[in-house]
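Colleague: Line by line, the protein sequences are chains A and B. By our numbering, the letter at position 43 of the first sequence is numbered 43, and the numbering carries on one by one without gaps. By our numbering, the letter at position 145 of the second sequence is numbered 491, and the numbering carries on one by one without gaps.
Accuracy of the hints is not assured; some may be wrong.
Each computed DSS-like pair below joins lysine-lysine, with the alpha-carbon atoms no more than 25 Å apart [stated by the list, open to error]:
(1) A/K249 - A/K196
(2) A/K254 - A/K196
(3) A/K205 - A/K125
(4) B/K492 - A/K300
(5) A/K254 - B/K376
(6) B/K399 - A/K308
(7) A/K300 - B/K495
(8) A/K196 - A/K251
(9) A/K151 - A/K193
(10) A/K81 - A/K151
(11) A/K308 - B/K415
(12) A/K254 - A/K151
(13) A/K251 - A/K193
(14) A/K308 - B/K378
(15) A/K205 - A/K249
(16) A/K125 - A/K196
(17) A/K125 - A/K6
(18) B/K415 - B/K399
Pair ranges (Cβ atoms, derived) [said to hold, decoys possible]:
(19) A/T310 - B/S404: 39 to 47 Å
(20) B/T494 - A/N71: 47 to 55 Å
(21) A/S294 - B/Y393: 19 to 27 Å
(22) A/N71 - B/E359: 56 to 64 Å
(23) A/E301 - B/K495: 26 to 34 Å
(24) A/Q24 - B/S391: 38 to 46 Å
(25) A/E301 - B/S486: 54 to 62 Å
(26) B/Q425 - A/S294: 25 to 33 Å
Since the hints were made in silico from the structure, they are not lab data. Computed from a prediction, not measured in an experiment: that's the story for all the values here. Cβ coordinates follow ideal geometry from the N, Cα and C atoms, glycine included.
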Amino acid sequence: MAPWQKDVRALQALWRDCGNTYIQMFLAMKGSIWTDVFLFDGTQAEWTALCSGAAEIRCTADGRVWHLAPNADDLQLGCPKGLPIAPELEDLTEVTEVAMSGIFGSWSRNLDVNDVAASLVTLQKLRRLDLSDNALVGELHRSTAAAVQIKSLFLDDNGLTALDLGGFVALEEIHLADNQLRGPLPDDWSILKNLKILEAPRNPKLAASSLPAAWFAADGMTALETLDLSQCSLTGELPNGVGNLGDLKLKSIKLADNDFHGPAPPNLLTAEEDLEHVDLHNNNLTGPMPVGSSAGTALKEMNLADNKMTGSPPMFTNAQVRVPPVANSPHPIPKCHPNTQLPPKY
Amino acid sequence: MTYDVSDNALDGEVPDMCGSPGITYLFLHKNKLTGALPNLSCMTSLYEVDVHKNGLTSLEGDWLGGSPKLQHFNAERNQLTGAPPTSLCGAYSRTLYLGHNAWRGSIPESIGDCPELEVLDFTVDEASVDDGSAAGTMPSSAAFAKLTKLTTLALSVSIFLFLLRQLE
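The task is simple: from the sequences and hints, build the whole structure.
Modeller: In structure tokens form, the structure reads like this:
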């Protein structure tokens, strides 16, 4: 069987495992491309014609799928619980991007995340995986792949309780908003050396977990730029590292609506000159406000409201860095003279 | 830039904020700040300023009316005293809360020059009405007549009682 045929078989396995008569009627009504994909039985040229002209599936000149992004308006799947879904998906060895958001949740709630994700995360060319909004549950187990190559992982709006990210050596961003993650937050996520974005707001069942200091240590998430763990019922003191940024390059710190206590790091606003967003509102922070900056600041938002902090409001004392220079070009662009207009064409 | 340190236990005076001229939202409300609110004419991007519920005693300078983008200003529930600034609002002002303070003087006639004003709250507390110190806090009806968008006007019922008493 040729590689392109294996790709077709993998996609059709989705239908074999998760299709039903109702969904067939739904697809027919929508005039969905997925009817053609699931029922495809033709030549390589016909397959290439089908999959190279669509937004929801793209393939190379020889019919290898590299982009799989069914629109939730065009495809819904109802999969049985407790069975791996289309293990043949592991044959999609050329795929770089899989976006299956909102595909599973309507017809098959509470699928185990491993049943959907296991055959996808091992794909060695996959860089972006979006399984958000699918009502997936459970704990993502450690991948069987030694080195998962995914850079961007979207799992927002599910019911996940934990993730073992061992092996996700390439991960640059992970989105976990609105799940059911249980505490404590794992120290060993600090192995994610390439992680730039960690967004997991609104995970209220992290209750009483604290922010792992290991993440912010010198050998922690040294590439991290964006951290959002707002509305997670987190507690404890803010690790020194959040303020003592060291090698961290944080641009955005959002830890609002938690139960953090103790002082805010005094150098919170000064340690990183690229800092754009600081939102620590609605915690129980005490002690003096962090000091402002006397160098230029890129800050767009500083929200420290609704805490118990004392002292003076932070002061910023370097006006000229932030006032954009008035555009005053020595070579003004000459205005068009009416006579230079081209004559109308007839 | 949004600058929000509201609802803490900050004390002392409000520092000079002119180092951050890009601030659009300045929220210092619900703290224990005292002294004067500095002249903020240096901050030309301001859209909203809220300093309510502190212990401020004055507004420094006459900058409010000239702030080029300011739409909302709230300094109610402080201890502001003396005469209100002569220029309280400008071309874009929409809400102005100055009530529950200890003003000793009138709402300026220039209030009529704020065509977009929707809310004017100058509520006078009972105590200052009773001791007569809030006398003359009403601008002329000619000034009010120009506020065509005004939907909320709060001057406290008491003040009318006081004015009635003056007439007797």
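Colleague: The structure should be examined with respect to each hint, and the outcome stated for every one.
Modeller: Hints, one by one, checked against the model:
no. : hint                        : result
1   : A/K249 - A/K196             : holds, 9 Å
2   : A/K254 - A/K196             : holds, 14 Å
3   : A/K205 - A/K125             : violated, 34 Å
4   : B/K492 - A/K300             : violated, 37 Å
5   : A/K254 - B/K376             : holds, 22 Å
6   : B/K399 - A/K308             : holds, 15 Å
7   : A/K300 - B/K495             : violated, 32 Å
8   : A/K196 - A/K251             : holds, 10 Å
9   : A/K151 - A/K193             : holds, 12 Å
10  : A/K81 - A/K151              : violated, 28 Å
11  : A/K308 - B/K415             : violated, 31 Å
12  : A/K254 - A/K151             : holds, 22 Å
13  : A/K251 - A/K193             : holds, 17 Å
14  : A/K308 - B/K378             : holds, 12 Å
15  : A/K205 - A/K249             : violated, 28 Å
16  : A/K125 - A/K196             : holds, 20 Å
17  : A/K125 - A/K6               : holds, 16 Å
18  : B/K415 - B/K399             : holds, 24 Å
19  : A/T310 - B/S404: 39 to 47 Å : violated, 23 Å
20  : B/T494 - A/N71: 47 to 55 Å  : holds, 50 Å
21  : A/S294 - B/Y393: 19 to 27 Å : holds, 25 Å
22  : A/N71 - B/E359: 56 to 64 Å  : holds, 58 Å
23  : A/E301 - B/K495: 26 to 34 Å : holds, 31 Å
24  : A/Q24 - B/S391: 38 to 46 Å  : violated, 57 Å
25  : A/E301 - B/S486: 54 to 62 Å : violated, 43 Å
26  : B/Q425 - A/S294: 25 to 33 Å : holds, 32 Å
Hints 3, 4, 7, 10, 11, 15, 19, 24, 25 from the earlier list are contradicted by this structure; the remaining hints agree with it.
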